[in-house]
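Asker: Sequence:
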Amino acid sequence: MNLEKPVSIILDTDIGPDCDDTGALAICNILAAQGKVEILGVMHCTSNVYGAGCIDAINRFYGHCDIPVGTLKKEGFLVGPEYEKYNRYITQNYENAYREKSAPDALKLYRKILAEQPDSSVDIVAIGPLTNLFDLLNSKPDEYSILDGKELVTRKVKRLVTMAGRFETDENGNLPAEWNILMDVRSAQGVIHNWPTPVVFCGFEVGAPVITGKRLISECSDSNPVKKAYELYTSGEGRSSWDLITVIYAILGDCGLWGLSPAGKVYIDDEGVSHFSEETDGLHRYMTNIMPVDHIEQHIENMLLL
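For the sequence shown, this note's numbering gives the first residue as 108, with consecutive numbering after it.
Because the hints were derived from the structure by calculation, they are not lab data.
Treat the hints loosely; a few may be bogus.
What the hints assert, rightly or not - Pairs of lysine to aspartate or glutamate, DMTMM-like flavour, derived with a Cα cap of 25 Å:
{"no.": "1", "residue 1": "Lys372", "residue 2": "Glu385"}
{"no.": "2", "residue 1": "Lys265", "residue 2": "Glu386"}
{"no.": "3", "residue 1": "Lys219", "residue 2": "Asp255"}
{"no.": "4", "residue 1": "Lys265", "residue 2": "Asp329"}
{"no.": "5", "residue 1": "Lys112", "residue 2": "Asp249"}
{"no.": "6", "residue 1": "Lys181", "residue 2": "Asp249"}
{"no.": "7", "residue 1": "Lys372", "residue 2": "Asp361"}
{"no.": "8", "residue 1": "Lys143", "residue 2": "Glu111"}
{"no.": "9", "residue 1": "Lys257", "residue 2": "Asp361"}
Use the sequences and the hints to build the structure in full.
Answerer: Here is the structure:
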């Protein structure tokens with residue numbers, strides 16, 4: 108009998124530009140069924156109209172029809188056919204609540220959910236641009252809480268775990284900007300430089316070499332929308348595991364697979380590049396792979412098929 112209290116999370120995803128978001132959401136649902144996590148809500152952080160439906164379809168496939176879903180209400184952010192390789196198909200072909208209507212405002216839903224939780228009890232897991240979190244951090248008191256956004260986060264959030272940044276140079280010795288940050292540098296700077304709780308970063312280099320989803324594609328039926336997302340996005344191949352690793356770490360910890368940097372501080376420059384400096388009292392740490400890539404791949408593939 109599992110007597111441990113499940114981790115309480117809000118997942119923030121850009122589901123659409125890449126398929127690993129669907130794998131991450133699948134992992135959350137699988138671990139929720141095992142009693143290891145309570146999914147308080149899932150927020151969609153782009154303007155794409157098919158995000159919320161795709162999220163809800165995946166939640167419903169795993170038997171979780173009552174998870175609140177919110178979406179960004181700004182227009183024009185990451186929209187277009189290149190961001191609809193699977194989410195449009197899933198919204199239109201799998202049962203969900205958002206074929207004909209829009210999901211609630213993510214900012215309002217964030218504030219409502221957080222206000223209802225015990226203090227220092229929520230982990231926010233962000234696997235897309237930090238647009239929603241910037242809005243949350245800068246929000247005003249409302250009908251849900253007399254606290255402003257930063258005060259509400261300080262009181263209710265225990266930790267932010269985010270797939271963001273790049274902390275190892277590439278083969279040419281350069282340190283490129285990471286996609287989630289580059290898509291909204293202003294929000295990334297606002298969140299990372301001002302977030303009041305500990306932050307763990309799953310950088311680009313952690314998930315890039317870890318290719319998963321091949322067994323999901325070959326062993327699952329088309330009734331599984333996550334299988335379909337990977338199939339449509341990769342044409343039958345696997346994909347890097349950035350977002351899956353982020354949620355596994357947030358819920359289960361390092362699993363003997365990942366390490367953490369010393370404490371420090373991450374600074375995002377105006378080009379979107381992440382700079383880390385060690386500071387004894389810093390709130391930021393970034394993940395590292397400490398086991399062989401094939402070992403990590405097998406661990407994740409096994410989880411996806413539970």
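Asker: Hint by hint, note whether the structure agrees.
Answerer: Comparing the hints with the structure gives:
Using a Cα cut-off of 25 Å, the hinted pair Lys372 and Glu385 holds, with the two alpha carbons roughly 6 Å apart. Restraint check for Lys265 and Glu386: the C-alpha separation of about 20 Å stays at or below 25 Å, so the hint holds. Under the criterion of a C-alpha separation no larger than 25 Å, the hint pairing Lys219 with Asp255 is consistent with the structure, at around 12 Å. As the CA atoms of Lys265 and Asp329 are separated by approximately 38 Å, the hinted pair breaks the 25 Å bound.
At most 25 Å may separate the alpha-carbon atoms for a hinted pair to count; Lys112 and Asp249 exceed this at roughly 30 Å. A distance of roughly 19 Å separates the Cα atoms of Lys181 and Asp249; the hinted pair therefore holds under the 25 Å criterion. Our distance criterion of 25 Å between C-alpha atoms is met by Lys372 and Asp361, whose separation comes to about 21 Å. Straight-line distance between C-alpha atoms of Lys143 and Glu111 comes to about 8 Å, which keeps the hinted pair within the 25 Å bound.
With a CA separation close to 28 Å, the supplied pair Lys257 and Asp361 exceeds the 25 Å bound.
Checked against the numbered hints listed earlier, the structure breaks hints 4, 5, 9; every other hint is satisfied.
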